[in-house]
Structure formats: structure tokens, C-alpha cells
Amino acid sequence: GESVGLHLPTLSVQEGDNSIINCAYSNSASDYFIWYKQESGKGPQFIIDIRSNMDKRQGQRVTVLLNKTVKHLSLQIAATQPGDSAVYFCADRRYGQNFVFGPGTRLSVLP
Amino acid sequence: SAVISQKPSRDICQRGTSLTIQCQVDSQVTMMFWYRQQPGQSLTLIATANQGSEATYESGFVIDKFPISRPNLTFSTLTVSNMSPEDSSIYLCSVPDWGYGEAFFGQGTRLTVV
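Sequence lines, in order, name chains A and B. Per my numbering, the first sequence starts with residue 322, numbered consecutively. Per my numbering, the second sequence starts with residue 22, numbered consecutively.
Check before you lean on any hint, since a few could be wrong.
Said to hold, decoys possible - Calculated pairs, BS3-like style, for lysine-lysine (alpha carbon to alpha carbon, straight line, at most 27 Å):
id: 1; chain 1: B; residue 1: 28; chain 2: A; residue 2: 363
id: 2; chain 1: B; residue 1: 86; chain 2: B; residue 2: 28
id: 3; chain 1: A; residue 1: 377; chain 2: A; residue 2: 389
id: 4; chain 1: A; residue 1: 377; chain 2: A; residue 2: 392
id: 5; chain 1: A; residue 1: 363; chain 2: B; residue 2: 86
Unchecked claim - Facing chain A, from chain B, some residues (calculated, C-beta under 10 Å):
id: 6; residue: 30
id: 7; residue: 31
id: 8; residue: 62
id: 9; residue: 64
id: 10; residue: 65
id: 11; residue: 109
id: 12; residue: 113
id: 13; residue: 117
id: 14; residue: 123
id: 15; residue: 124
id: 16; residue: 128
Unchecked claim - Interface residues of chain B toward chain A, partial, derived using beta-carbon atoms under 8 Å:
id: 17; residue: 54
id: 18; residue: 63
id: 19; residue: 66
id: 20; residue: 126
id: 21; residue: 127
id: 22; residue: 129
To be clear, the hints were calculated from the coordinates, so they are not data collected in a lab. Note that this is a predicted model, so its numbers are computed, not measured. Glycine included, every Cβ here is placed at the ideal spot set by N, Cα and C.
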């Protein structure tokens with residue numbers, strides 16, 4: 322089946338800097354996209370989502386950008402904090418179907 | 022939102038044995054999903070647990086290896102049978118929001134097979 326992938330497996334950023342995590346998806350029929358954060362020993366937790374009729378959505382310190390032309394998704398974290406250290410997964414799905422998860426990016430926040 | 026509890030949270034098992042993982046949801050849901058997350062990897066869907074019918078397995082996963090029960094709308098179990106070290110993974114159950122919504126996850130069961 323089709324899958325979602327990520328460009329970078331690991332990302333290290335200085336505390337206080339902005340982080341950008343990228344994701345490429347392959348299913349042009351996907352209409353819903355989501356970013357999850359997974360901390361050690363925990364299940365994935367929702368961060369932010371976006372529908373295919375939008376190209377940007379902002380949350381608290383996080384922004385998701387969607388470029389359907391090139392099938393690219395990104396997560397921007399402003400003023401990265403130590404508590405942001407985790408693995409981040411993008412996932413996509415078409416309405417009514419299962420999520421397809423990307424391989425994940427490990428974000429490390431340096432003091 | 023849904024609150025999902027998994028048991029056990031972790032276990033170390035001998036090869037050749039089986040482990041049953043339980044998943045309890047605080048509300049009635051039509052479908053529950055079981056995922057495997059191998060070390061350092063992403064989530065791979067094992068199967069969809071349907072209440073009142075056989076589970077639907079994804080390519081590469083078979084019922085003999087991963088039997089699933091779904092006795093009611095709030096509970097499911099996944100058994101990892103005849104385990105080998107390659108089965109060492111985190112196993113997660115999930116409940117979807119079939120509208121435009123997120124999937125909710127349990128905390129996972131970390132399985133180590135020795």
C-alpha cells in the first residue's frame with residue numbers, strides 16, 4: 322500500500338530555536354493529516370491536524386503546513402523547549418480509512 | 022475523546038510462549054485497531070477488531086500468529102503467539118474518530134522476547 326515518509330530521521334535543535342519537521346505523503350486521495358508526538362514509554366499523542374481544504378493551521382506554538390501540489394506536510398514548533406523532545410509522526414488518511422504513519426523523526430532539544 | 026487502557030504495560034517473555042494484551046476503552050466504539058511498533062520504527066497496522074465478526078488483518082499478519090478477540094464494544098485482546106525475539110515490539114491499540122478526527126491510542130505494551 323501507499324505510505325507516508327519523512328525526510329529526516331533525527332533533528333537536533335537548540336532550546337529556544339524553531340523546529341521544522343517534514344513529511345512526504347504519497348496518497349493523493351488523502352484528505353486528512355495529523356501530527357503525533359510520542360514520548361518514551363507512551364502512546365502517540367495528538368498535536369495538530371489539518372484537512373486537505375486548508376494549507377496552514379496554527380495551534381499553541383505549533384503550525385502545520387500542507388502543500389498538496391508536492392504532497393508535503395511540515396510541523397513547525399516555535400521556541401522549542403526540552404519538553405518537546407520526542408519522536409514525531411505524521412499520518413494521513415482518506416475519510417473512513419485507516420491512518421498511514423510515516424517513519425518518525427526524533428527531535429532532540431539541546432540546552 | 023476516548024481514554025484507552027492497555028495491560029500489561031510491559032512484559033518480558035520466553036520464546037515459544039504467548040502473551041495476551043488487553044485493551045479497554047471508556048466508551049463504546051465500533052472498531053478498534055491494533056498496531057505494532059518495532060524498535061525505532063513507525064506504527065504498522067496489524068488488524069482491525071470488529072465487534073461481532075472476525076478481525077480484519079493487514080498484509081503480513083495472520084490470525085494464527087495474532088489472534089484477536091472483541092467480545093464487546095469497549096474491550097479487545099491481541100495475543101502474540103509462539104513468540105520469537107523478532108516479536109519484541111510495542112503493541113498499541115487505537116480507537117478512531119471516523120469523522121475528521123484523530124485516532125486515540127493506549128499507552129502501549131512493550132514486549133521483549135528472550
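Next on the checklist: Could you work out which of the previously given hints the structure breaks and list their numbers from low to high?
Outcome noted: Checked against the structure, the only hint that fails is number 11, while the rest are satisfied.
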